[in-house]
Amino acid sequence: MASKLTTSNRAGWAFALPGFGLLTLFIVVPFFFAFFLSLTNQRLISPNPTEFVGLDNYRNLLSISVLTIEPARDDTGAVMRDEDGNPEYPRVRSFTRNNPDYPQYAGMREWFRWHSGDDAKVVVATDVVFWKSLRNTLMFVLVVAPVQGGLALVLALLINQKLRGINIYRAIYFMPVVVSIVVVSLLWRFIYAEDGLLNSILSAFSFGMFEGPDWLGNEDTALGAIKAMSIWQAVGFHMVIWLSGLQTISPTLYEASSVEGASKWQTFRYVTWPGLRNTAVLVLIVITMQAFALFAQIDVMTNGGPLDSTTTVVFQAVERGYGKQDISGGSAISVILFLLVLSISLIQRYLTRER
Amino acid sequence: MAGVSQDNQGLRLITRYVVLTLIAIIFVFPLIFMVMSSLKPDLQLLRDTSSIRAFLPVGDISLSNYTAAFNRAPVATFIFNSVLVTGITVLLSLLFCSLAAFSFVFLNWKGRNLLLSIVLATLIIPFETIAIPLLLLVSQLPWIGLDGLQTGWLNTYRVQIIPWIADGLTIFLFVQFFKDLPRDLIEASRVEGASWIQIYCRVVMPLAGPVVATAAILKFLVMYNQYLWPLIVVQQETYRPVMVGLGYYFQLNPAWGEIMAYLTVITVPVLAFYLVLQRAFIASIASTGVKG
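Line by line, the protein sequences are chains A and B.
Number 281 in the numbering used here belongs to position 292 of the first sequence; there are no gaps in the numbering.
Count along the second sequence from 1, then add 6; that gives the number in the numbering used here.
These aren't lab readings, by the way, just hints derived from the structure by calculation.
Just so you know, nobody snuck in bad clues.
Here chain A is said to cover these stretches of chain B; the calculated rule only asks that three of the stretch's residues, wherever they fall, bring their Cβ under 8 Å from a Cβ of chain A:
# : region
1 : 110 to 119
2 : 226 to 238
3 : 245 to 255
The structure presented is a predicted model; accordingly, all values stated were derived computationally and were not measured.
Positions of the beta carbon are idealized from the N, C-alpha and C atoms, including for glycine.
Whole structure, please, built from the sequences with the hints as guidance.
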């Protein structure tokens, strides 16, 4: 009987519709729109009508191949070598440009190469920059997710002890989270500059022995510098999630383990960590999703450079869809990003399933 | 023996505080550096980075960087825009999302389970993946304004507000909270003849203080710190929010001291807000972690 009181189709829809309608229009519709656009040649401003091009955008993004190049040989059949004794190779261009013998490589460019014996194996792709952005994004995720998650757990354990004034430390560790990533990025540009704060500190601690590089201007250090800053900014966020997980573990379990005379490590291993299983999955998933969305740091700090060493998938999607007004190309990148994120959350479902 | 173990305990306690404090320094030093640098002329700022003076308000201290920053760019307009957009979005979001959650939890109606699953499914769609199609959509949407029917939402306040009102996370937080409220309360009010809107206004929302605070804080952080969306939909200075304004400001090649002044002006109010309400801020993040 009671449920009759609360049955009302009209009121139900009337209350839910404003919010649900906005959600549909601005999240669900654009989401499906992205799939559709990625199959067309839509541009932001174009005189030509939009055409359906099937999977062309994906083909352009993802086409990749390995080209084996034999070293150049002189008339006697001996390998030609340069002054350092390294074999000389014909240019990759000669295979990928107007070469009727290799139509499958047409329009591709070299991404990287390695040598096997005297042959060079060259990885060529139609869209080298996209592959670099994919690699950079994955490298970012692979480093940031475990390191940030781990550090956040250490911080959570540290501030989960009973000490006078512990709340002050908790508040301080969380502070960078409320500061905009744009502000943080600009601030760290100054810290990372060649004559900036970080190098000054390093130089002071090494008594002038260590001369730091221009962290963001250097291909080898730029992405690492951005990783470190990103971890610093958001680690407090995940610390709080770990902390809320720690607080769900029953104190009687700790009492029992202390009665049994367990060491600190044993207590962590057999009481704390099993109690944190779902929190661990959640933290890793949230960090991973945030890491895949890496954009503001790149836009503010490096613009993808130097030499595409910090470009990311989202940066590429925005760069094309908005910067170059290639809406369909940008949408195809967005769809690939979504599939990556979706597979991560399916893994989460699997890991936290009821057993 | 007792004395030794007490000494040990004292030593341990000190070690703990030292460790905690060293970590704390790592988290605050860039922010202190920012505020201190904003008070210094550029030459001194650069000289000071090589010593502890970088973190101290010493030397030729003044607010001249602030006046210079405000003169170089319409910083006040940017701040006004951000406050306006953030304020309106947070208020409308609380209203629309709580109404929807109220309907999902307390009312029985056909289709509610389907709609609720759609809402929860949107939680895994990263905004970055829909930004570009959304841009195309809003550039074509109609709007009835003071001067009649217009097409296109670019370069307006509405384009910064309306797409952000409803979001899965806010609805989800309200749903979780409402589920724990006693249903007898709602049914008793129905029996007494209260309308649904009365129950929403007089029974449910007055109890919803904690979740309102949580949702408001999370939405505030998202909205005030917005970057990607306003970057692509707002080209006119008049409508630009602070974070995008900052990007353009940086391209004007101002002195570092001025940049630090800009950063301080847009950050310190948020930090002050946070320090006053830090328990609520931290609780709001913690409550996003209790899902599942």
